Amino acid sequence: MSDESLRSVTVERTSTGHFVATNTRGGTITFATGGDSEFTPVELLLAALGGCSAVDVDIATSRHAEPSSFSVQVTGDKINDELGNRLTDLAVTFSVTFPDGEGADRARTILPRAVKTSHDRLCTVSRTVEIGTPVTTTVEDV
26 MSDESLRSVT VERTSTGHFV ATNTRGGTIT FATGGDSEFT PVELLLAALG GCSAVDVDIA
86 TSRHAEPSSF SVQVTGDKIN DELGNRLTDL AVTFSVTFPD GEGADRARTI LPRAVKTSHD
146 RLCTVSRTVE IGTPVTTTVE DV
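Heads up: the sequence shown begins at 26 in this note's numbering, then just goes up one per residue.
Take these hints with a grain of salt, some might be off.
Said to hold, decoys possible - Derived pair list, reagent style DMTMM-like, types lysine to aspartate or glutamate, alpha-carbon separation capped at 25 Å:
1. Lys103 to Asp114
2. Lys103 to Asp130
3. Lys103 to Asp61
4. Lys103 to Asp83
5. Lys103 to Asp145
6. Lys141 to Glu63
7. Lys103 to Glu63
8. Lys103 to Glu155
9. Lys141 to Asp130
10. Lys141 to Asp125
11. Lys141 to Glu91
12. Lys141 to Asp83
13. Lys141 to Asp102
14. Lys141 to Asp114
Read the hints as simulated data drawn from the structure, not as lab findings.
Keep in mind it's a predicted model, so treat the numbers as computed, not measured.
Whenever a hint applies, use it, and build me the whole structure from the sequences.
Dropping the structure here:
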């Protein structure tokens, strides 16, 4: 695998149940186990699903018109069954409006296709979740 294709974050514990993820560009996001207002890892997954498609759809539509509103709701049911803890019934719902005008009419027209293209081909996050990929975990010698 080339260095150009590798994506990486580092997660560090900051206190009991609290963590910070740092990307290779120095950006950070904090998260926790859910006892306060910080995002949980599950909520970060939902945000990644919605955010990935939101970026794709925004790029496709905003070149024609700036949206009046742009919101993406992502939901899923957290269950525990014989397969362990997981999310089911994941749903990504776009609510996007555009002002009047020719460019806005074009943006409205391509919106459904942009959402479908993101889901079917472009969004790395939803493609990875839907297709599935093994996750390898290891412990370094300490």
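Next item on the list: Enumerate the violated hints, using their earlier numbering and listing them in ascending order.
Entry: 2, 4 and 6
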